[in-house]
Amino acid sequence: MDFTTLLLVLDSTVRLATPLLLACLAGLFSERAGIFDIGLEGKMLMAAFFSAAVAYATGNVWLGLLAGIASSMALSAIHGLASITFRGNQLISGVAINFLAAGVTVVVAQSWFRQGGRTPSLEGASRFNPIELPLAESLSGVPLLGPIYHELVSGHTVPVYAAFAAVPLTWWILFRTRFGLRLRAVGENPESVDTAGVSVIGLRFAAVAIAGLLCGIAGAYLGTALQAGFVKDMTAGRGFIALAALIFSKWRPWHALYATLLFGLLQAIAVRFQNIDLGGFVIPVQFMEALPYILTVVILAGFVGKAIPPRAGGEPYVKER
Amino acid sequence: MTLMQKFLGAAAAVALSGGAALAEPALIFDLGGKFDKSFNEAAFGGAQRWAEESGGAFREIELQSEAQREQALRRFAEAGSNPIVMTGFAFGNVLSEVAPDYPDTKFAIIDMVVDAPNVRSVVFNEHEGSYLVGMMAAMASKSGTVGFIGGMDIPLIRKFACGYVQGVKAVNPDATVIQNMTGTTPAAWNDPVKGSELTKAQIGQGADVVYAAAGGTGVGVLQTTADEGILSIGVDSNQNYLHPGKVLTSMMKRVDNAVYEAMKSGTDLETGINVMGIANGGIDYALDEHNAALVDEAMKAAVDAAKAKIASGELQVHDYMSDNSCPAE
Chain C
1 MDFTTLLLVL DSTVRLATPL LLACLAGLFS ERAGIFDIGL EGKMLMAAFF
51 SAAVAYATGN VWLGLLAGIA SSMALSAIHG LASITFRGNQ LISGVAINFL
101 AAGVTVVVAQ SWFRQGGRTP SLEGASRFNP IELPLAESLS GVPLLGPIYH
151 ELVSGHTVPV YAAFAAVPLT WWILFRTRFG LRLRAVGENP ESVDTAGVSV
201 IGLRFAAVAI AGLLCGIAGA YLGTALQAGF VKDMTAGRGF IALAALIFSK
251 WRPWHALYAT LLFGLLQAIA VRFQNIDLGG FVIPVQFMEA LPYILTVVIL
301 AGFVGKAIPP RAGGEPYVKE R
Chain Z
1001 MTLMQKFLGA AAAVALSGGA ALAEPALIFD LGGKFDKSFN EAAFGGAQRW
1051 AEESGGAFRE IELQSEAQRE QALRRFAEAG SNPIVMTGFA FGNVLSEVAP
1101 DYPDTKFAII DMVVDAPNVR SVVFNEHEGS YLVGMMAAMA SKSGTVGFIG
1151 GMDIPLIRKF ACGYVQGVKA VNPDATVIQN MTGTTPAAWN DPVKGSELTK
1201 AQIGQGADVV YAAAGGTGVG VLQTTADEGI LSIGVDSNQN YLHPGKVLTS
1251 MMKRVDNAVY EAMKSGTDLE TGINVMGIAN GGIDYALDEH NAALVDEAMK
1301 AAVDAAKAKI ASGELQVHDY MSDNSCPAE
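Just so you know, the sequences run in chain order C and Z. Each residue of the first sequence is one higher than the one before, starting from 1 at the first, in our numbering. Each residue of the second sequence is one higher than the one before, starting from 1001 at the first, in our numbering.
Think of the hints as simulated: they come from the structure by calculation, not from any bench. Careful: at least some of the hints might be erroneous.
[Said to hold, decoys possible] Reference excerpt, derived from the structure (chain C facing chain Z, CB under 10 Å, subset only):
| no. | residue |
| --- | --- |
| 1 | 8 |
| 2 | 16 |
| 3 | 19 |
| 4 | 118 |
| 5 | 121 |
| 6 | 222 |
| 7 | 226 |
| 8 | 228 |
| 9 | 231 |
| 10 | 237 |
| 11 | 267 |
| 12 | 268 |
| 13 | 271 |
| 14 | 274 |
Keep in mind it's a predicted model, so treat the numbers as computed, not measured. Idealized CB from N, CA, C, for every residue including glycine.
Whenever a hint applies, use it, and build me the whole structure from the sequences.
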């Protein structure tokens, strides 16, 4: 494998990892506050549709992004209402959100655009276009570092840089702010937070809303940056891979970055090389595609350290009388 | 008998007698929906053409869920619709159960073979059309490397791929064909993001014409090829207009002709297996104002010559599904 191929694979890795990373961080906020979120997939799908639809209608991708975030946060509000306010089962609520998104997007798309549940293709300003970072062109002649900067670092779209910036930001919010401390406490021991006079319900809603925001960006990235429009079920299971990455990273922001980059790399390799021939032993492409899930099972089984979810995860908070 | 039952009984009687007198043809669209810009829309176009020419009317339904298949079939059959046309291989199992219950009704199913005395099974020689577009890809390619992106890895899609490779090799025996399948689950039909990545990977390996036989995933393939400035080939219906000047051609399955024929023959519908190929106008490549600049005279002449040879039987394109193997790589 030569240097150019390596760069192409890594470039592809960055593109494929971005939606996973955003969704994974969304899940991180939600689950750290004790709300399991199976509905990442549905929220991304909803955001992908509304961002593409509004971007097409207005011709402005930023309005599309806002619409995507709003639609994703609306689903978050439903999830919060069902599982926090009414203390329903968080997993069932999440599954319902996935079904809801899969159906609503196609129905609305069909009655709006009449193109078989698709949005028309986006062009020009209704799409996120690649950004050339300063000096990328002039530095591309520099050996080794030049091409890396030109191909790999420069030339991505806004949501990619936003996703990578979200990692240190998430770490800082969770581990260096009062809000973050309380958020984590709500996921581990909500009674103590309540005793301190802080609203458990409010914190959990805040966490779910942040999850909606991040999923909204992830969906808009799929619909308006990676693609030029919405196609039904276009998230294709990425929400679930993000969930696997969340477990793999053991609910930590930096590890979430590494996990999603690893999963993105596996996908990129599967895309670039169909069957990998290791001298008489062939790794089929299907194995590469299944590897993220296999790794997650290995982690869950406790072979590589233990993955312990937040202690109060999945349990609605009931104030004692 | 309560009043309600009386009403229901009366309504049913009216419906039955009314339906039996009509004998209108019926058309059932698959889950993709009537306006899918592809398969189902082509079927609708054929039915429209029949209605306009004959002045008749047809009944139709768009399925919303898997469970409605049998219900819709029985509903139309009991209402006296004849013939009943359905689009898509997914009707196969249901039709083989329903057809024997209505021996006097004729059914037509597209893209699937159902063995029953009152069923016409319409199948297409996709490998022949793929051969033609493969030739065009090889002639349009400057790098000598072309790509194929399939949807779900099933024998039908391998049939597309195999025909394509044979066409490419017929023009340029030294050409490289990069083949990728999107996945092994139905999600592979609707993953344009992966379609884009596969296209970029193929471009990275030198491909400058990419043929997409991948349903919704193909939207991503066509978009990426247009963005990156190389050519693509569409599938099923004429997709040239999606990116004018960037789509070399489209491999067309004339589903509209199949539906038109079935409705035109009405209750005299000939049953059995009906193979639609180049010879009877069931398969073709698309040429219109959107790709006129891309197809030069020499290319057109070569493809039309091959088309005539396939139609006359002089040139045999290997069908992957006949023995589950492909002579060309």
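We went through each hint and held it up to the structure:
Taking 10 Å as the C-beta contact cut-off toward chain Z, the hint placing residue 8/C at the interface holds, the least distance being around 4 Å. The restraint placing residue 16/C at the interface with chain Z holds, with a minimum CB-CB distance near 6 Å, inside the 10 Å limit. Against a cut-off of 10 Å between C-beta atoms, the interface hint on residue 19/C holds, since the closest Cβ of chain Z lies about 8 Å away. Hint status for residue 118/C relative to chain Z: holds, with the closest Cβ pair at about 7 Å, below 10 Å.
Interface restraint check for residue 121/C: the shortest CB-CB distance to chain Z comes to about 7 Å, inside 10 Å, so the restraint holds. For residue 222/C, the suggested interface contact is upheld, since its CB lies about 6 Å from the closest CB of chain Z, less than 10 Å. Interface hint at residue 226/C: satisfied, since its Cβ lies 5 Å from the closest Cβ of chain Z, which is below the 10 Å cut-off. A least Cβ separation of about 5 Å between residue 228/C and chain Z falls short of the 10 Å threshold, and the interface hint therefore holds.
The beta carbon of residue 231/C comes within 4 Å of a beta carbon in chain Z, closer than 10 Å, and the hint placing it at the interface holds. A hinted interface residue such as residue 237/C counts as satisfied when its beta carbon comes closer than 10 Å to some beta carbon of chain Z; here the least separation is about 6 Å, so the hint holds. Proximity of residue 267/C to chain Z holds as hinted, the smallest CB-CB distance being about 8 Å (cut-off 10 Å). Because the beta carbon of residue 268/C sits about 7 Å from the nearest beta carbon in chain Z, less than 10 Å, this interface hint is met.
Taking 10 Å as the C-beta contact cut-off toward chain Z, the hint placing residue 271/C at the interface holds, the least distance being around 5 Å. Look at residue 274/C: its Cβ gets to within about 6 Å of chain Z, closer than 10 Å, so that hint holds up.
Comparing the model with each earlier hint shows no violations; every hint is respected.
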